[in-house]
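Put the complex together from the two separate chains, hints included.
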Amino acid sequence: MIDLLRWALQRQERSKDAARQRLQLILVMDRVGLAKEHMEAMKADIIRAVSKYMVVDHESIEMDMKRSGDSLVLVSNIQVKDIIRAAITE
Amino acid sequence: MAGKTFVVTSGKGGVGKPTATANIGAGLALRGKRVIVIDTDIGLRNLDVVLGLENRIVYDLVDVVEGNCKLNQAMIRDKHTNELYLIPAAQTRDKSAVKPDQMKNLRDHLKEEFEYIIIDCPAGIEQGFQNAIAAADRAIVVTTPEVSAIRDADRVIGLLEAAELPIPDLVINRLRPGMIKQGDMMDKKDILELLSVQLLGLVPDDEHIIVATNKGVPVVHDSRSMSGEAFRRIASRIEGEDRPFLNLENGHGVFSKLRKFVGLKGGDFTDD
Ligand SMILES: Nc1ncnc2c1ncn2[C@@H]1O[C@H](COP(=O)(O)OP(=O)(O)OP(=O)(O)O)[C@@H](O)[C@H]1O
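Read top to bottom, the protein sequences are chains P and D. The first sequence runs 110 to 199 under this note's numbering. The second sequence runs 2 to 273 under this note's numbering.
None of these hints come from the bench; they were simulated from the model. C-beta: ideal position from N, C-alpha, C; glycine also.
With a straight-line Cα cutoff of 25 Å, these simulated BS3-like cross-link-like pairs (lysine-lysine) come out:
#, chain 1, residue 1, chain 2, residue 2
1, D, 5, D, 34
2, D, 216, D, 80
3, D, 13, D, 100
4, P, 125, D, 190
5, P, 125, D, 189
6, D, 5, D, 71
7, D, 5, D, 80
8, D, 13, P, 125
9, P, 190, P, 161
Taking beta-carbon pairs under 10 Å as the criterion, some of the chain P residues facing chain D (in silico):
#, residue
10, 122
11, 123
12, 124
13, 143
Bound conformation, chain D alone (with noise of 0.2 Å):
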């Protein structure tokens, strides 16, 4: 098996990367992929929780490169989906534990059993970030429509471009149809004349994610939630669908109730 390996960025933390790597990782499980999910973020690991697998965990990262442990003793198998594994962060070490070499070197063994290695990068761009890039084939980068998010974005797909991975593909998390509708929040059109990458997915701000988190499910499993179905479609478009995006952009605020009493445009949660 050859694996496609892909690494999760962002520059700029709080915008919701472990949430994405998590429900991405899982997506690609929920339609039948092995899929391995490793945490880089040395020191402040955090993608066990949004997996619910924080119990579960013996060895780590570090005792993996580190030959403490055997490969697969530090994979922990994820509770809802048969096909899907962490490896989760070391929490006692820091960020110069792990060398760029060392990622190559593991990627290269799990190529052969996984068919996607999800890379969850730490924020900031300084070594983390180098070991984290430097195994992948290809970045996915989380932003949200916000200025500073959108310029650390711009600062790592420059610092992608120097280490010679393709184009980025752009995950915009916390779209607020309302905001968006009334002038207050930049869209997809807006950030995407900015940066330098294609779209992979469009994710609302939404409630069920809290939820989801809260109790250690992905919200890819909940079949009700928009952003669940975000996620699912994100899923999709990687393996190659050519899936609409979700129409992010016609609010439910009085102001767009207002605007379609008196005949401006407005809508309900579409595809795009």
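Bound conformation, chain P alone (with noise of 0.2 Å):
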């Protein structure tokens, strides 16, 4: 009897972690769109990175932070043209 209100009182539903979970992404949507003049300055970094590897065409690239469910994605789209052999064989 006891073991099972012990179980009834703990698996109660607790609406702080539905708060919490949900503020970690509106603080961090939040932050991004504050930080969206960063945007620019990563797009760039990545495209020097990914330019070691493979040969990518700069007009096509798209580049977005999205929602998806309960966490936060970034997502890029790079047309790649070519793989540069040397980096591979490296």
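Here is the structure:
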């Protein structure tokens, strides 16, 4: 009986978990919104890194922060034109 | 004298900013410090009411910065502590009536006479906010354990950082131990994980605050109230003392009693 009661009390739904999880994402989204100006710099850095290994089409690059279910994802679409062999065999 | 200047801010309205400003000011004055609190919420003055000084207002902040009166004519002396003064907000003007440079100038004058200058900031992040923070050395951010208040606090923390103020001190107001215990309210730890601040104080949701505001006597004067104790500890921490935080995380609700009965954790109000 006591065990049953303990179990029932422990598994009560905790709404603070929902608040905390929602806030984690809200704050990141808000901070990202404010940091949009950093996006261009980050984009340039990523292109520079990728370009060491692949020939990419600079014109077609898309990059964005998106919400995916419970998390925040950086989505990038980069068209690859060729692979730089020297980088692979190095 | 080289007084310290604090701005009390929150972003969201309704979280208890004037209550916190009045009680921190009165708490420091009770410790014998010379303190002045300034209400910068032009058009929506309310610090005077929390302090019970609404009948004594002749001149206000706008009169001071426009030179319509001498600085000391706009300083209202508290009824309960000799060391506390208020400069009230103007009620009939708009937020653009005071400029950041005027606030800095005012601060420079007050610093010579007071040990603490506490500026109550209007809600929001517009010009009134910028005016209020312009003159501050440090910021105290007030929030409640709710999603929207914490979100706005984070926004304000970002703006304070952009204004190159040091990492702000956080006061979490209106905590309800019963709800925290039940898992229905975020606690100190949850909130500190979300915001980049240091903790200055925890204030319970307390009926004594409403009674105190009704009477116009800040709750920090009430030696038996939990919220008064919370504000006395905040004042002592501002003075550099290392006081424990109140333990506001053990409820007295039916569930906590049941939990105790079946051998889960529970207890009374104590230090953390
Ligand atoms: N810890 C508390 N327990 C109970 N009531 C509180 C508490 N803190 C504040 N209150 C009440 O909440 C109401 C709002 O508080 P207050 O007037 O201090 O600030 P505010 O509404 O946040 O002001 P502003 O929007 O200008 O920042 C008041 O009626 C006050 O008495």
